[in-house]
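Engineer: For reference, the chains in residue letters:
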Amino acid sequence: MSALSDPKGALEDLTRAEGWVLGVSVAFLLFLFIALLTGALGPSYFLFLVGLAGMYALLSFGLNSQWGFTGLINFSVAAFFGIGAYGSALITASSSPVGEMLADVPIVGSLVGLPIVGLVVGLVVAFIMAVLIGIPTLRLRADYLAIASLGLAEVVRLIVLNERWLTNGSAGVRGIPGFFQGWPVLSTFPEAMPGLRLEIIPGSPIFLEASFWQALLNVLLVLAFSGGTYLVLRRAHRSPWGRVLRTIRSDEDLARALGKNTYSFKMQSFILGSLIMALAGVFYTHLNLYVGPGDLDPITTFYAWVAVILGGSGSNRGALFGGIVIVTIREGTRFLNDFALPIDPAPLRLLLIGVVIVVVMRYRPQGILPPQRELIWPNAIDGRGTPDKLDSGVREQKGGGGDE
Amino acid sequence: MTVLGYLANGLVFSSIIVLGSIGLSLVYSIADFANFAHGDTMTIGAYAALVTFGAVGGLGGAVLGLPYGFFIALVVGIVAAAIVAVGTEKFIYEPLDIDSIGLLITSIGIAFIYRALIQIRFGSDFTRFDIQPLRPIESLVPFGVRVTLHDIAIVGSAVVLVVGLHVLLQYTDLGRKMRAMADNPDLARVSGIRTKRVKLWTWVIGAGLAGAGGVFLGLFNQLSPRMGFNLLLVIFAAVILGGIGSVYGAMAGGFLIGMINQLTPFFSDVVEALPIWPGWLARLLESLISIEYANAIAFVIMVAVLLVRPNGIAGEASS
Chain A
1 MSALSDPKGA LEDLTRAEGW VLGVSVAFLL FLFIALLTGA LGPSYFLFLV GLAGMYALLS
61 FGLNSQWGFT GLINFSVAAF FGIGAYGSAL ITASSSPVGE MLADVPIVGS LVGLPIVGLV
121 VGLVVAFIMA VLIGIPTLRL RADYLAIASL GLAEVVRLIV LNERWLTNGS AGVRGIPGFF
181 QGWPVLSTFP EAMPGLRLEI IPGSPIFLEA SFWQALLNVL LVLAFSGGTY LVLRRAHRSP
241 WGRVLRTIRS DEDLARALGK NTYSFKMQSF ILGSLIMALA GVFYTHLNLY VGPGDLDPIT
301 TFYAWVAVIL GGSGSNRGAL FGGIVIVTIR EGTRFLNDFA LPIDPAPLRL LLIGVVIVVV
361 MRYRPQGILP PQRELIWPNA IDGRGTPDKL DSGVREQKGG GGDE
Chain B
1001 MTVLGYLANG LVFSSIIVLG SIGLSLVYSI ADFANFAHGD TMTIGAYAAL VTFGAVGGLG
1061 GAVLGLPYGF FIALVVGIVA AAIVAVGTEK FIYEPLDIDS IGLLITSIGI AFIYRALIQI
1121 RFGSDFTRFD IQPLRPIESL VPFGVRVTLH DIAIVGSAVV LVVGLHVLLQ YTDLGRKMRA
1181 MADNPDLARV SGIRTKRVKL WTWVIGAGLA GAGGVFLGLF NQLSPRMGFN LLLVIFAAVI
1241 LGGIGSVYGA MAGGFLIGMI NQLTPFFSDV VEALPIWPGW LARLLESLIS IEYANAIAFV
1301 IMVAVLLVRP NGIAGEASS
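Top to bottom, those sequences are chains A and B. Residue numbers in the first sequence follow the numbering used here, run continuously in steps of one, and reach 404 at the last position. Residue numbers in the second sequence follow the numbering used here, run continuously in steps of one, and reach 1319 at the last position.
The hints are simulated quantities; they were obtained by calculation from the structure and are not laboratory data. Heads up, the beta-carbon is just placed ideally off N, CA and C, and yes, glycines get one too. There may be inaccurate statements among the hints.
Stated by the list, open to error - Simulated coverage check for chain A against chain B, where a stretch passes if three residues somewhere in it have a Cβ under 8 Å from a Cβ of chain B: (1) 139-153; (2) 270-282; (3) 301-309; (4) 351-363.
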């Protein structure tokens, strides 16, 4: 609100890092906008990228509520993402064996194939898996948790790869409908909308057709998902529950000494994060319309990790920024391969991810946008008589303090 | 294949796992973080040996079916892995001012950088050393044991390296310093041990053994940029099973995990033969205990061990 009523003051209030991120983001958006206008970037593809960025932001929110809030090193992001994606895909896909198996069951048979049922199933399976993985691993020391969760994620990947009767093995699941199939108005919305022809720059017209409206719906969906998640997480983070999590993160023994059942809190945080990751997986299924075991590769886990540590552990704005960076790396390497350097994009992506991890840990371990006021109720700041005019050095120290 | 045959295969695979797990355990106890780049250090050793072997060729004679040139390649692989690891320690890990969790995350970045560079240079396809594959040793085939001279060379070299490490740790000055540092780094430092130098030697030894393991893995299977990362979790399972920080525990854990890994087909035969009731449980077990899940079984055992004994089988009661 304050940013709208007093834009100049809000701008001056930013720390140097915030200003820098804002500047780069604006420049990047401008670049994309120009590419759109000149027709170099198709509008449907642009919206696909926005959807993907939203998906990674969602994935990062999930990891953030485990690592950023509570300090749980979860290296099984890809597993929960994959469970959401496969859960929803198997319920809705035309080629899925689940549909055939349940077709004869009276009420259930008619529900199979609806994406909203896929969403529920994906989340329920992810919940069960989170409890199953959490029970043995959350009692462990932090670094053991990292190893065990990476191992269990690999088990999930192997099961998806090898149980061909269910998951179609390495070929993956195809024939997945969009998320809005079977909804009253929205399922026919893309076809119902007129095809538009915009000519902003003479000679390079832009066509807005059914695929564009489909992509627009997906973007609105991911905005709803991630916006809702953001609000829930922000509320949760500032609540007494979030304070306990932060205490566990900085000193688990202290939290225990204060009478908190840290195991139970860690489990709640783990489940919350896992559900958000599965939600990202469900969205990805209906965005990409294909899932394969490659999506469960550990690299997916570390995309989310890079997004979180780059943005700043515990910072949801940072996770959003990190999600955009990840999409830039993912699609930028593909673009580079097509137009500039003929380097295989897969290892280049790996290299960039590795370099970003090392550089961030070396020069800015607290991340680019460490959480500062996010953790404080706004009225706690505004309520004080004098507005806090701290110089940025102190603020950065504060942000770093939450990172231990 | 008979049980004896599986056991023989297990012994060969165990040798490779042991070489990897010792290095990981050493670094874990002395540099004090879980090094996720350890698997890719093995890959570096394997590819360095591949390049060297391609350059020097066979050099005439052969021992145990392996040309002389291969042993030069093995040494180069060990040295290359050690140099890369020491360089990484000097330029990346040492200047970092973060806790062990931060180092763990950094090591993942390092692992990706290693693997990406290898993949850019050599492509993602499988390759092999240019050595003629041997037939199994004739006199052992009647017992159901199908091992080649190469396998014997792998086990023999691993035994030499492990015994060498044992002598180094127990009877040399460096070994005593390393054990002191693993016990209590601060106490070691105030006693006048140059901990930085000992740490560097730890990296040399750990990465060197990993490099040797990588070369043998390439000889045993094939080379690919993912070979080390794929093995990493099995090695972690071995280290955790043996108790983190205990080198001898890592040896035992590596031996056990390697055996279990190669005995999986035998276990699946046993499950098929056993009268398990009810029928769905039998079918479930049969489908889960199969060769595709050999690695998964190792991880599940690891998690089970962590649940019962968080400090590993050979680990101390409390840390």
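Engineer: Under 8 Å between beta-carbons, do enough residues of the segment 301-309 of chain A, three at least, approach chain B for the coverage claim to hold?
Structural biologist: Three-residue rule met by the segment 301-309 of chain A, so holds; n is 3.
Engineer: Is the coverage entry for the segment 139-153 of chain A by chain B consistent with the three-residue Cβ rule at 8 Å?
Structural biologist: holds (count 12)
Engineer: Confirm or reject the coverage of the segment 270-282 of chain A by chain B under the rule of 3 or more residues with a beta carbon closer than 8 Å to the chain's beta carbons.
Structural biologist: Result for this restraint: violated, n = 0.
Engineer: Counting residues of the segment 351-363 of chain A with a beta carbon closer than 8 Å to any beta carbon of chain B, are there 3 or more?
Structural biologist: holds (count 9)
Violated hint for the displayed structure: number 2, the only one.
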